[in-house]
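**Q** Chain residues, written in single-letter form:
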Amino acid sequence: EPEVTQTPSHQVTQMGQEVILRCVPISNHLYFYWYRQILGQKVEFLVSFYNNEISEKSEIFDDQFSVERPDGSNFTLKIRSTKLEDSAMYFCASSVMTGNEQFFGPGTRLTVL
Amino acid sequence: GESVGLHLPTLSVQEGDNSIINCAYSNSASDYFIWYKQESGKGPQFIIDIRSNMDKRQGQRVTVLLNKTVKHLSLQIAATQPGDSAVYFCAENGPGFQKLVFGTGTRLLVSP
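Heads up: the sequence lines are chains U and G, in that order.
Our numbering numbers the first residue of the first sequence as 29 and each following residue consecutively.
Our numbering numbers the first residue of the second sequence as 65 and each following residue consecutively.
Everything labelled a hint here was simulated from the structure, so no lab data went into it.
Even for Gly, the Cβ is constructed at its ideal location relative to N, Cα and C.
One or more of the hints may lead you astray.
Cut-off 27 Å, straight-line C-alpha distance, at most; resulting in silico cross-link-like pairs (DSSO-like, lysine-lysine) [what the hints assert, rightly or not]:
1) U:K70 / G:K132
2) U:K111 / G:K106
3) G:K120 / G:K132
4) U:K106 / G:K106
5) G:K135 / U:K70
6) G:K120 / U:K70
7) U:K106 / U:K85
8) U:K85 / G:K135
9) U:K85 / G:K101
Some chain G residues well away from chain U (every beta-carbon gap over 10 Å; in silico) [unchecked claim]:
10) L75
11) Y89
12) S92
13) T127
14) K132
15) H136
16) S149
17) V174
Turn these sequences into a full structure, and let the hints guide you.
**A** Printed below as a string of C-alpha cells:
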C-alpha cells in the first residue's frame with residue numbers, strides 16, 4: 029500500500045540554524061501539506077501546497093518557513109532560523125483532491141537546543 | 065507522533081467492550097470530518113470519514129455519527145481490542161479550505 033515517507037525521523041539542531049525536513053508524498057496525489065504537533069498538544073496545520081504554489085497557510089507559517097517541491101517526488105519544509113519553540117513533530121500529508129482523506133507520514137521529530 | 069498530554073481525556077475499556085469517543089467540532093460550515101488514530105511514535109492514521117450530507121457511516125468495526133445540530137461527532141468501536149489502544153483525533157474540513165482542523169484527542173486504553 030502506498031504511503032507517505034519522511035526523513036529524517038529525528039533532527040536535532042541548534043537555535044538559529046536552518047533545517048530542511050523532507051517528505052515523499054504518495055505518487056498520484058496532487059495536494060501536499062505540513063502539520064506540526066508540539067508535545068502534548070493537538071495537530072496544527074501549517075501549510076498546503078498545490079500546483080507548485082502555496083494554496084493556504086496558517087499564522088504559524090511565517091517568513092521563517094518555506095516549502096518547495098524541488099522535483100517530481102520530494103516535498104520539503106525549510107525553517108530558516110530555528111527557535112526553541114519550533115521543537116515539535118512535523119508531519120507531511122498528501123491527498124488526491126482537496127476535501128478528501130489526507131494521508132500522513134510518520135513524522136520528523138525536530139529538537140531545537 | 066506523541067500526543068501524550070497531561071490533560072488528554074482518557075477512556076478505559078475492557079477488551080471486547082464497545083467504545084464511544086466523542087468530539088465537538090468548531091465550525092458549523094465544516095462539511096467533511098475524519099477520525100484519525102495515532103499510536104505512540106507514529107503519524108495520524110485514517111480510520112473513517114463522513115460528509116455533512118450523512119449522519120452515519122459504518123466501516124469495519126467502526127461507526128461514525130454526525131450531529132450537525134449540536135456540532136458533535138462520535139466514533140464507535142465495536143468489540144474493542146488491545147490493538148485499538150491509541151489517541152483518537154477528530155478533524156474537520158470546511159468548504160473552500162484545504163486544511164484539517166484537529167480536535168484535542170482522546171486516549172483509548174484497552175485492557176485485556
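**Q** Would you mind marking each hint as holding or not holding in the structure?
**A** Going down the list of hints, with the structure as the test:
1. Pair hint K70 of chain U plus K132 of chain G holds up; C-alpha atoms about 23 Å apart against a cutoff of 27 Å.
2. Taken as a hint, the K111 of chain U and K106 of chain G pair is honoured in the structure, with Cα atoms around 24 Å apart against an allowance of 27 Å.
3. Between K120 of chain G and K132 of chain G the alpha-carbon distance is near 11 Å, which keeps this suggested pair within the 27 Å criterion.
4. With a C-alpha separation of about 22 Å, the suggested pair K106 of chain U and K106 of chain G falls inside the 27 Å cut-off, and the hint holds.
5. Of the supplied pair hints, the one linking K135 of chain G and K70 of chain U holds, its CA atoms being roughly 19 Å apart against a limit of 27 Å.
6. For the proposed pair K120 of chain G and K70 of chain U, the alpha carbon gap of about 25 Å is at most 27 Å, so the pair holds.
7. Pair hint K106 of chain U plus K85 of chain U holds up; C-alpha atoms about 14 Å apart against a cutoff of 27 Å.
8. The straight-line distance between the Cα atoms of K85 of chain U and K135 of chain G is roughly 25 Å, inside the 27 Å bound, and the hint therefore holds.
9. Distance check on the hinted pair: K85 of chain U and K101 of chain G sit about 24 Å apart at the alpha-carbon level, within 27 Å; holds.
10. With a least beta-carbon separation of about 17 Å from chain U, L75 of chain G lies farther than 10 Å from that chain, consistent with its non-interface assignment.
11. Residue placement check: Y89 of chain G keeps its beta carbon more than 10 Å from all beta carbons of chain U (closest about 13 Å).
12. Once the 10 Å rule is applied to beta carbons, S92 of chain G is consistent with being away from chain U; the minimum gap is 17 Å.
13. Once the 10 Å rule is applied to beta carbons, T127 of chain G is consistent with being away from chain U; the minimum gap is 17 Å.
14. The Cβ of K132 of chain G sits about 17 Å from the closest Cβ of chain U, beyond the 10 Å cut-off, so the non-interface label holds.
15. With 10 Å as the threshold on Cβ separation, the claim that H136 of chain G sits away from chain U holds: the shortest Cβ distance comes to roughly 18 Å.
16. With a minimum CB-CB distance of about 18 Å to chain U, S149 of chain G clears the 10 Å threshold, and the non-interface call stands.
17. For V174 of chain G, the non-interface assignment is confirmed: its Cβ lies about 22 Å from the closest Cβ of chain U, beyond the 10 Å cut-off.
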